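Take these sequences, add in the hints, and give me the full structure.
As a plain string of letters, each chain reads:
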Amino acid sequence: MKPLYGYISARAALCTVFLALILPVGMVEAQVVRGFITDLADGEPLEGATVVLRQDTSLVAGSATDRDGFFALSRFPVGTYQLTVTFIGFESVVDTVNVRTGEILLRNYRLASSREALDELLVQGDRDTGLARVDAGRITIQPADIAVVPSPDVSGDLINYLSAIPGLVTVGDRGGQLFVRGGEPWQNLVLLDGMWVYQPFHVLGFFSAFPSDILNQVDVYAGGYGAAYGGRISSVIDVQSRSGNKRSYAGAASAAPFVTSVLLEGPIVDDRVSFLASARRSVLNYGAENLVGEPLPFDFGDTFLKVHANVNSNSQLSITALRTYDEGQVGAAFQPRGSNSNDVASWRNQAYGLRYLVLPRAFPVLAEFLVSYSRLQTAVGDPNNPARTGRLGAVNTNANVTHFAGDLEISWGLFARTLELTTELGGLFQNVFAQREFLTEVGMFVEPSIRLDNGVEASAGLRVHNFPSKSRVFVEPRLRAAWDRGVDRLSAAVGVYHQEVVGLTDQRDAAGVFTAWSAVPFARVPSALHLIAGYSRSIKGRVDVGVEAYHKRLDGLFVPEWTAFPRFTTNLQKADGRIWGADVRLEARGQHFLGTITYGLSAVRYRAQQESLELWYGESAIDYRPAHDRRHQVNVLGAYQVSGFEISARWQFGSGLPYSRSLGFDGFVLMNEPVDVFGEPGSRRVIYEKPYTGTLPTYHRLDLSVEKRFVTRGGALTVQAGVINIYDRSNLFYLDTFTLTRVNQLPLIPTFGLKYGFGQ
Amino acid sequence: MRRTCTRSNGSFLAMGLLLILLAAGCEEAVAPVLEGERPFSLYGYLDPGADQQAIRVFPIEQLLAHTDPAPLDATVQISGPSGSTLLRDSVVTFWDGSVGHVYHGPFRPAFGTTYVVRAEEPEGRATTVSVRMPQRASLTLGDVEGVLGNVFFPVEFTGAEQVLRPRVIYSVESTRAPFKWTIPVVYSNFVVRSGDRWRVLVNMSRDIGVIFSVTGLQPGTDPVILTDLSVEAFITTTEWTPPGGDYDPELLVQPGTFSNVENGFGFVGGGYFETAHTLPPAETLRLAGFSNQ
Chain A
340 MKPLYGYISA
350 RAALCTVFLA
360 LILPVGMVEA
370 QVVRGFITDL
380 ADGEPLEGAT
390 VVLRQDTSLV
400 AGSATDRDGF
410 FALSRFPVGT
420 YQLTVTFIGF
430 ESVVDTVNVR
440 TGEILLRNYR
450 LASSREALDE
460 LLVQGDRDTG
470 LARVDAGRIT
480 IQPADIAVVP
490 SPDVSGDLIN
500 YLSAIPGLVT
510 VGDRGGQLFV
520 RGGEPWQNLV
530 LLDGMWVYQP
540 FHVLGFFSAF
550 PSDILNQVDV
560 YAGGYGAAYG
570 GRISSVIDVQ
580 SRSGNKRSYA
590 GAASAAPFVT
600 SVLLEGPIVD
610 DRVSFLASAR
620 RSVLNYGAEN
630 LVGEPLPFDF
640 GDTFLKVHAN
650 VNSNSQLSIT
660 ALRTYDEGQV
670 GAAFQPRGSN
680 SNDVASWRNQ
690 AYGLRYLVLP
700 RAFPVLAEFL
710 VSYSRLQTAV
720 GDPNNPARTG
730 RLGAVNTNAN
740 VTHFAGDLEI
750 SWGLFARTLE
760 LTTELGGLFQ
770 NVFAQREFLT
780 EVGMFVEPSI
790 RLDNGVEASA
800 GLRVHNFPSK
810 SRVFVEPRLR
820 AAWDRGVDRL
830 SAAVGVYHQE
840 VVGLTDQRDA
850 AGVFTAWSAV
860 PFARVPSALH
870 LIAGYSRSIK
880 GRVDVGVEAY
890 HKRLDGLFVP
900 EWTAFPRFTT
910 NLQKADGRIW
920 GADVRLEARG
930 QHFLGTITYG
940 LSAVRYRAQQ
950 ESLELWYGES
960 AIDYRPAHDR
970 RHQVNVLGAY
980 QVSGFEISAR
990 WQFGSGLPYS
1000 RSLGFDGFVL
1010 MNEPVDVFGE
1020 PGSRRVIYEK
1030 PYTGTLPTYH
1040 RLDLSVEKRF
1050 VTRGGALTVQ
1060 AGVINIYDRS
1070 NLFYLDTFTL
1080 TRVNQLPLIP
1090 TFGLKYGFGQ
Chain B
2 MRRTCTRSNG
12 SFLAMGLLLI
22 LLAAGCEEAV
32 APVLEGERPF
42 SLYGYLDPGA
52 DQQAIRVFPI
62 EQLLAHTDPA
72 PLDATVQISG
82 PSGSTLLRDS
92 VVTFWDGSVG
102 HVYHGPFRPA
112 FGTTYVVRAE
122 EPEGRATTVS
132 VRMPQRASLT
142 LGDVEGVLGN
152 VFFPVEFTGA
162 EQVLRPRVIY
172 SVESTRAPFK
182 WTIPVVYSNF
192 VVRSGDRWRV
202 LVNMSRDIGV
212 IFSVTGLQPG
222 TDPVILTDLS
232 VEAFITTTEW
242 TPPGGDYDPE
252 LLVQPGTFSN
262 VENGFGFVGG
272 GYFETAHTLP
282 PAETLRLAGF
292 SNQ
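These protein sequences, in sequence, are chains A and B.
If you count the first sequence from 1, you need to add 339 to reach our numbering.
If you count the second sequence from 1, you need to add 1 to reach our numbering.
Don't read these hints as lab results, they were simulated from the structure.
Heads up, some of the hints might be wrong.
Counterexamples of contact, computed for chain A against chain B with all Cβ distances above 12 Å [claimed, not checked]: (1) 590; (2) 789; (3) 794; (4) 807; (5) 971; (6) 1049; (7) 1096; (8) 1097.
Keeping only pairs whose Cα atoms sit at most 20 Å apart, straight-line, the calculated EDC-like set for lysine to aspartate or glutamate is [as the list claims (entries may be wrong)]: (9) A:1029 - B:36; (10) B:181 - B:208; (11) A:1047 - A:985; (12) A:913 - B:251; (13) B:181 - B:223; (14) A:1029 - B:38; (15) A:1029 - B:62; (16) A:1029 - B:90; (17) A:809 - A:776; (18) A:1029 - A:953; (19) A:879 - A:953; (20) A:879 - A:823; (21) A:1029 - A:1075; (22) A:913 - A:953; (23) A:913 - A:950.
Per label pair, the in silico range of CB-to-CB distance [to be verified]: (24) B:147 - A:1017: 38 to 48 Å; (25) A:1029 - B:143: 45 to 55 Å; (26) B:193 - A:942: 46 to 56 Å; (27) B:246 - A:774: 31 to 41 Å.
Here the structure is a predicted model, which is why all the values come from computation and not from measurement.
Using N, Cα and C, we set each Cβ at its ideal position, and we do this for glycine too.
Shown next as structure tokens:
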């Protein structure tokens, strides 16, 4: 693999852009109007609301609210203005503000919904979310988006939508691993309200730790993320939960063959403090097992609680807690080869976080403080005496500040993480026996962003990331830019990323779920360079077409050494990765119809170095497709509303994943001396072809669901019926190439669900 | 619930769609083990110094499973200038509980001659290996010399292409214990080669430390009496040289890496043990730390 030539010059160019953007900060005019926009009905923040200042019908300043419903207007002269807040589906608010020299005004507004306009709509006509929305690797997801994807649960789950995004590869309907644009699961950063969640997907692939009902918004960065994010080299899934209803109690309970769930929310102090609580538990042995007709030895669940308080008009405090558990007797797929088939893989997440948001009255800034504790426990083997265990505990602290100066915003922040990593691996596993490590990461970022009247918006950031355990400091430039020209939108992103804490897995099987977290075992810290460019066009507000191309250059990776010994454990070898890909997306929508087609093309190449390769293959390094390289991916999604029924269908297709074929199995006797063949048993051996030259069968599946909502006096009853894998495709989940044991994904499953909600 | 795929060239659209749906639901086969022409892997060596020969035979199988204890359906024979000998299968249960096939039979190869070992299935697929026997080498033990704490003697193998695992075997006893010990000390790392002459300098003063360590006897307290001293090495040919020079199992386990077998894998060498015995004078042995009288 070629060296990173051009790497330094790319950094220099990014630094130049960064300086060019940060220089105008000195030209700030001091007057500021800022505040929060919330939903009058429940107090939830409204993201994307438009706030403008007008004087004599002339537009003076404008802004859109962020995920906290926050807006800030600045760089306008003193005077009296008409402030207008508009948001689709809500009544507009018009106010008069008189701004004096240097004054920093705080204005919070609550918008009343205009339900008659939206009740019958499946989706908004003009929206910022959706699969066809191309924004330099970012896709924004809202619960309404998730609702149109067929799901075995009446409430829906984030993972069902994620698996429809081109470039995101799951290993199927069991396993709980997500590969984003060629990256590996341990390279994903998953945040819930700023808390790190390390293994956020449940053992049954239809479910994540994030039920749709608790979500406010999810930002998925398949690459090219900004300077506020770091410590991971592949992707960011930033989940923002709802705050809970501050005006009235609401709740829901649902039952389906896979999970049951309850949700409750309401005010603790009217209009000031609210709570949102959710719990889910799998019921496979009562429901789905009978439908499938085969054992489904999985058990999982999650519990979520959030308390949100408007401390006063200019500050908010939220406390969030998440607990998940997963346990699965998943056959040979998750176990060391040859081990007891009754062994179990399990993992438990815990995350507790506090977030404080404040608008200092004296300064035109928004400040955010985050403190969280995340914990992950994993094990595989006999439940009473697991063969391998791993524990991770981390405390994360962040302080983020955003300055507002008209078109220019400057965000900066400080962060510190301390981690305790404990692994007991019962023998050699990826160069590690058993260990306990304490790690620290500290750093800061600064990221000015600018939004111009001509539709150009750009942010250029620098992140300084210090890994004391490696005595290394990395400066990571980031750049995101978009040019919105009415119906056309061009976007691009570039960034450099590093990751010190890594997940060690058996990468020969994409389905392996046991991950041992550790400091990177080599001196070289894994790094990535992301390049993304995209174009989208909106046709008459009803059709969106998008194209996005990307490249990731991964260096400092590690993969298991090749060996002909048929063993699970192995040593590590150095590797680099190169990923090229492109997505094509089409979304068409009408008042009662939504259709989406996406195609993802991806090529992932790893180049591994191992001393013995020269002897074996005559080359010092070997190029191959890793086990998660899904070359082609198609998703077709359709939803239709008729006579009060919501019908949705999804067809997924994925080309086969690579795997290593063999020519058979024999034995090996080390002939280092005249061996007594009557006394030396030798070892079993696999006669492999060159690594990953085989291709597993293609994956495809059609899911269908029909949903009807009945409004009653006290609430609403939702009835859902559906079929998963409607043509009973025998999709391969796992293939043991040693015993030819094949584990298929779930067959045709009819599903039924009931959900009763009140106050919603 | 598995179905087999059906294929059709039907011209009607409805029929085609129905078939597509049916085909979509069927199980797509995957063949992770490719059909190979190589039937066996062979390990062992032919010994011109022995009347019995034995070769370990691994069938190359499609599944990684325990070896079938039933006799292998294969014939293995050794062919040379003086004719052929058919070996017979022995199913051996090893110390670790595994089972293997060792083909053995009476045969004495001649020095400096090449033989072919052929393992053949009834269907005709065969694995062969050509094994060259070494020429007979000579072993010379030099005089024991030295002073107190530094006693050594030279050993020289002459006329050998390759010398493996030279070692000195000490047979000792002690009046403090009712045992007799046979303790080998390997000298593989102390061999100096010059053409076909391989020279080893045996350091008895150092080796007695190994003897104390192995026996648990205490130097200066427990007497150690040497009853026999033999020097032994395996004389073989240049074929018995691993790539890279090291016998690293992680390296050599790769099929074909250290192999002279055709249409199969493994390694079969040719060689014999050259041995010589001596018992140095008691006075010299005492200088080395032994208690011989």
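A quick look at each hint next to the structure:
1. 590: At about 39 Å from chain B, residue 590 (chain A) clears the 12 Å cut-off, so the statement holds.
2. 789: Residue 789 (chain A) clear of chain B: closest Cβ-Cβ about 50 Å, beyond 12 Å.
3. 794: Non-interface label on residue 794 (chain A) holds, nearest chain B Cβ at 45 Å vs cutoff 12 Å.
4. 807: Correct as stated: the minimum Cβ-Cβ distance to chain B is 34 Å, above 12 Å.
5. 971: Per Cβ check, residue 971 (chain A) is outside 12 Å of chain B; nearest 15 Å; holds.
6. 1049: It holds; residue 1049 (chain A) is separated from chain B by about 33 Å at its closest Cβ, greater than 12 Å.
7. 1096: Correct as stated: the minimum Cβ-Cβ distance to chain B is 36 Å, above 12 Å.
8. 1097: holds, 41 Å
9. A:1029 - B:36: holds, 15 Å
10. B:181 - B:208: With a Cα-Cα distance of about 17 Å, the restraint between residue 181 (chain B) and residue 208 (chain B) holds, given a limit of 20 Å.
11. A:1047 - A:985: The given pair, whose Cα atoms are some 6 Å apart, holds under the 20 Å limit.
12. A:913 - B:251: Within the cut-off at roughly 17 Å; holds.
13. B:181 - B:223: Holds. Residue 181 (chain B) to residue 223 (chain B) sits at ~14 Å (cutoff 20 Å).
14. A:1029 - B:38: Roughly 17 Å between the alpha carbons, so the hint for residue 1029 (chain A) and residue 38 (chain B) holds.
15. A:1029 - B:62: Within the cut-off at roughly 18 Å; holds.
16. A:1029 - B:90: With a Cα-Cα distance of about 33 Å, the restraint between residue 1029 (chain A) and residue 90 (chain B) is violated, given a limit of 20 Å.
17. A:809 - A:776: holds, 13 Å
18. A:1029 - A:953: holds, 13 Å
19. A:879 - A:953: violated, 59 Å
20. A:879 - A:823: holds, 15 Å
21. A:1029 - A:1075: OK: residue 1029 (chain A) and residue 1075 (chain A) at ~17 Å, within 20 Å.
22. A:913 - A:953: holds, 15 Å
23. A:913 - A:950: The given pair, whose Cα atoms are some 10 Å apart, holds under the 20 Å limit.
24. B:147 - A:1017: 38 to 48 Å: holds, 40 Å
25. A:1029 - B:143: 45 to 55 Å: With a Cβ separation near 52 Å, residue 1029 (chain A) and residue 143 (chain B) satisfy 45 to 55 Å, so the hint holds.
26. B:193 - A:942: 46 to 56 Å: holds, 55 Å
27. B:246 - A:774: 31 to 41 Å: holds, 34 Å
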